[in-house]
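Going line by line, the protein sequences match chains A and R.
Position 203, counted from 1, in the first sequence is what the UniProt record's numbering calls 203; the numbers after and before it change by one each time, with no gaps.
Position 190, counted from 1, in the second sequence is what the UniProt record's numbering calls 190; the numbers after and before it change by one each time, with no gaps.
Any given hint might turn out to be false.
Computed beta-carbon distance windows for the label pairs [claimed, not checked]:
no., chain 1, residue 1, chain 2, residue 2, range
1, A, Gly-353, R, Gly-172, 43 to 51 angstroms
2, R, Ala-126, A, Thr-122, 37 to 45 angstroms
3, R, Leu-51, A, Arg-312, 39 to 47 angstroms
4, A, Gly-53, R, Gly-275, 25 to 33 angstroms
5, A, Thr-341, R, Arg-31, 36 to 44 angstroms
6, A, Gly-40, R, Asp-240, 48 to 56 angstroms
It is worth saying that the hints were derived from the structure and are not from the lab.
All C-beta atoms in this analysis are idealised placements derived from N, C-alpha and C, irrespective of residue type, glycine included.
Number of protein chains: 2
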Amino acid sequence: MTITLTEEPLAPTRLLRAVENELEAFLSGKRARAADGTTGEPAAALADFVLRGGKRVRPLMCLCGWAAARAGRPAPTPDAPPVEGARPTDQAPPEVVRAAASLELFHAFALIHDDVMDNSDTRRGAPSLHRLLASRSGRTTDAADERFGRCAALLLGDLAFSWADEALHTAGLPPRRLAAVLRIQDVMREELMAGQYLDLVAGRSAAADLGTALTATRLKTAAYTFQRPLQVGVALAGGDAALHEACGAYGLPLGEAFQLRDDLLGVFGDPAATGKPVGDDIREGRNTVLVALAVARADRTQRAVLSRTLGRPDIGEADIERVRRVLVDTGAREETERMITERLHKALDAVRGALFPDDVRDLLAAFADQAARRDR
Amino acid sequence: MTITLTEEPLAPTRLLRAVENELEAFLSGKRARAADGTTGEPAAALADFVLRGGKRVRPLMCLCGWAAARAGRPAPTPDAPPVEGARPTDQAPPEVVRAAASLELFHAFALIHDDVMDNSDTRRGAPSLHRLLASRSGRTTDAADERFGRCAALLLGDLAFSWADEALHTAGLPPRRLAAVLRIQDVMREELMAGQYLDLVAGRSAAADLGTALTATRLKTAAYTFQRPLQVGVALAGGDAALHEACGAYGLPLGEAFQLRDDLLGVFGDPAATGKPVGDDIREGRNTVLVALAVARADRTQRAVLSRTLGRPDIGEADIERVRRVLVDTGAREETERMITERLHKALDAVRGALFPDDVRDLLAAFADQAARRDR
Numbered sequence: 001m002t003i004t005l006t007e008e009p010l011a012p013t014r015l016l017r018a019v020e021n022e023l024e025a026f027l028s029g030k031r032a033r034a035a036d037g038t039t040g041e042p043a044a045a046l047a048d049f050v051l052r053g054g055k056r057v058r059p060l061m062c063l064c065g066w067a068a069a070r071a072g073r074p075a076p077t078p079d080a081p082p083v084e085g086a087r088p089t090d091q092a093p094p095e096v097v098r099a100a101a102s103l104e105l106f107h108a109f110a111l112i113h114d115d116v117m118d119n120s121d122t123r124r125g126a127p128s129l130h131r132l133l134a135s136r137s138g139r140t141t142d143a144a145d146e147r148f149g150r151c152a153a154l155l156l157g158d159l160a161f162s163w164a165d166e167a168l169h170t171a172g173l174p175p176r177r178l179a180a181v182l183r184i185q186d187v188m189r190e191e192l193m194a195g196q197y198l199d200l201v202a203g204r205s206a207a208a209d210l211g212t213a214l215t216a217t218r219l220k221t222a223a224y225t226f227q228r229p230l231q232v233g234v235a236l237a238g239g240d241a242a243l244h245e246a247c248g249a250y251g252l253p254l255g256e257a258f259q260l261r262d263d264l265l266g267v268f269g270d271p272a273a274t275g276k277p278v279g280d281d282i283r284e285g286r287n288t289v290l291v292a293l294a295v296a297r298a299d300r301t302q303r304a305v306l307s308r309t310l311g312r313p314d315i316g317e318a319d320i321e322r323v324r325r326v327l328v329d330t331g332a333r334e335e336t337e338r339m340i341t342e343r344l345h346k347a348l349d350a351v352r353g354a355l356f357p358d359d360v361r362d363l364l365a366a367f368a369d370q371a372a373r374r375d376r
Numbered sequence: 001m002t003i004t005l006t007e008e009p010l011a012p013t014r015l016l017r018a019v020e021n022e023l024e025a026f027l028s029g030k031r032a033r034a035a036d037g038t039t040g041e042p043a044a045a046l047a048d049f050v051l052r053g054g055k056r057v058r059p060l061m062c063l064c065g066w067a068a069a070r071a072g073r074p075a076p077t078p079d080a081p082p083v084e085g086a087r088p089t090d091q092a093p094p095e096v097v098r099a100a101a102s103l104e105l106f107h108a109f110a111l112i113h114d115d116v117m118d119n120s121d122t123r124r125g126a127p128s129l130h131r132l133l134a135s136r137s138g139r140t141t142d143a144a145d146e147r148f149g150r151c152a153a154l155l156l157g158d159l160a161f162s163w164a165d166e167a168l169h170t171a172g173l174p175p176r177r178l179a180a181v182l183r184i185q186d187v188m189r190e191e192l193m194a195g196q197y198l199d200l201v202a203g204r205s206a207a208a209d210l211g212t213a214l215t216a217t218r219l220k221t222a223a224y225t226f227q228r229p230l231q232v233g234v235a236l237a238g239g240d241a242a243l244h245e246a247c248g249a250y251g252l253p254l255g256e257a258f259q260l261r262d263d264l265l266g267v268f269g270d271p272a273a274t275g276k277p278v279g280d281d282i283r284e285g286r287n288t289v290l291v292a293l294a295v296a297r298a299d300r301t302q303r304a305v306l307s308r309t310l311g312r313p314d315i316g317e318a319d320i321e322r323v324r325r326v327l328v329d330t331g332a333r334e335e336t337e338r339m340i341t342e343r344l345h346k347a348l349d350a351v352r353g354a355l356f357p358d359d360v361r362d363l364l365a366a367f368a369d370q371a372a373r374r375d376r
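In isolation and in its complexed conformation, chain A is listed as follows:
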């Protein structure tokens, strides 16, 4: 049920500096306003978590969607809404930057709750929020501290969800445009939670299932990380249905390729490069497409290897190596690579259409290539 996050910034720094500044400003405002003592500590903890880093893929996609939708518009007249102002792609107006930043606040919610559910120790190269909150006094934690950490993180996740809404609602968008963005976000959030739920249920049963793994990947990575944030950007500029569709045609296959690459790196990657221990997906028994492919193709001996290793937290490197062998021998690894390539090509075809202006197309194409081929 892990939400994927690599440490390497794939995004052009310039485009995202404004988002970072907006996040800082919003969260500083929350800290400052907390003089009544009710939200000071939560605001500080959330600010540290959000500003700790992250690739900011969703804000980037949002800004790309906005730039695509506003391209080719006539220059702004004094009474045109500022959201459609003809500025350079990398200088979106404040309300658009704010909306992009709100996606990152929502993502903080998603990561915090994901870590509580998975009982993960680390996130973005530092202790997960529930671990930090459990041990904030610096003492060794006991069971009561652990419980406090989980409850506090659950509440701070809820608060990040609320603040994401507030940041968007107070962005200064024209009410009709805000309403259009909200409708896309409602769908996006339901997709994320449905994907997470599928993953959770799949993790409870022993059987890996390819269809479920693909659906969960589509919902919780492809739609949540790529398609919907792009479409939020399109809606921010009042883009048309064809562009919304093109964003799906690019974002969904790219998101699937991104997640499939992640699944491969989780088993075959170099921990020194990925920053993540190898084999955790196996130990946690995650129903990845890679594993589901292997289970479907395994003979009796290979199946035995899988069933005595998947979901066993205590297996060592030798067992992981045996699983790797099965993933290679069944062709699951090769098939996953083939699926990535196929999806990358679909995504690239989609941005090569006439709907994307040159600068956005180049950025999205480069991003897709990197996301699908990365080794970390």
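We have chain A already, so just place chain R on it with the hints.
Structure of chain R alone, referenced to chain A:
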């Protein structure tokens, strides 16, 4: 950190039947749409939880706020927005009923997460959602089932939060009116989470603190349950600032009185009437105003009784009786009763002003009286 919910319907049935129907319709829609298998199970579980019952105080307050704001308006003309149609108080237009119902979906989120945090076994006279989800197969639960139940309930709570937003966004409100409602809800949600966080932190320390207890009561009960839902209703009808303020002048003291009564019933109430085991606040070490008053007034002997009982899950009836004695002898019980009466009078004064039409005033006054004086 308990969110209070008594089983007795304080609300006029007629006003709330439309809300109930709206909740059923929305959740049925979600179940029906779940043919792709991704949200069917979550939708069914949430529908069962939401439709299981509850007083629907927040939707009721919302409808009262709406009725107060639209009273005295001229009869609707064909081009007037439907939200201001001059219908009888008990027949709010569909988009207003939908907005009121969305408050109940949000409340489902709050209750589900509250029960996960408190590890509560029951809610609304049935197993809490995380317990139900842990044991849905009917088997005895083991540690993995318990974990599944907590994770699934956390996700379903998040989904209820999203669906509350969606229900409001798709109510059909004019965009400017929707934007006004969203701003009140943003404040309300932050207040709830800040109150919950205060409660959580207070529960971690041994010292009871009156100021913190009063602030938490104001945020998580008075604002969340009374003031803000009333103001959402006012915003739905485009009411003015004076009415928003009057809703606070009624809702905040009433909400405090409501919570103080609840604190008293939790220690001195009849479990057969309240449906709740007596003394749980003591066993859980909740930082209630009642206990904080006692701690502040206790002599050395009384303090010793409190410190060896508060937050001890294993204490029995004899210990609870000793705590009751301290609460009486220190005057904490009497002072709490005095605070309730004082707040009830403030709330009644506020609705007796000229801003509330007769039918709304009578309903709010009767409601306040019942909420402050109830024995269950």
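Cross-check of the supplied hints:
1. Separation of A/Gly-353 from R/Gly-172 is about 35 angstroms and departs from the stated range, judged on CB atoms against 43 to 51 angstroms.
2. A beta carbon spacing of about 38 angstroms between R/Ala-126 and A/Thr-122 agrees with the range 37 to 45 angstroms that was offered as a hint.
3. Taken as a hint, the range 39 to 47 angstroms holds for the pair R/Leu-51 and A/Arg-312, whose Cβ atoms sit roughly 41 angstroms apart.
4. The supplied range of 25 to 33 angstroms is broken by A/Gly-53 and R/Gly-275, whose beta-carbon atoms lie about 49 angstroms from each other.
5. Between A/Thr-341 and R/Arg-31 the C-beta distance comes to about 39 angstroms, which sits within the given range of 36 to 44 angstroms.
6. Between A/Gly-40 and R/Asp-240 the C-beta distance comes to about 33 angstroms, which lies outside the given range of 48 to 56 angstroms.
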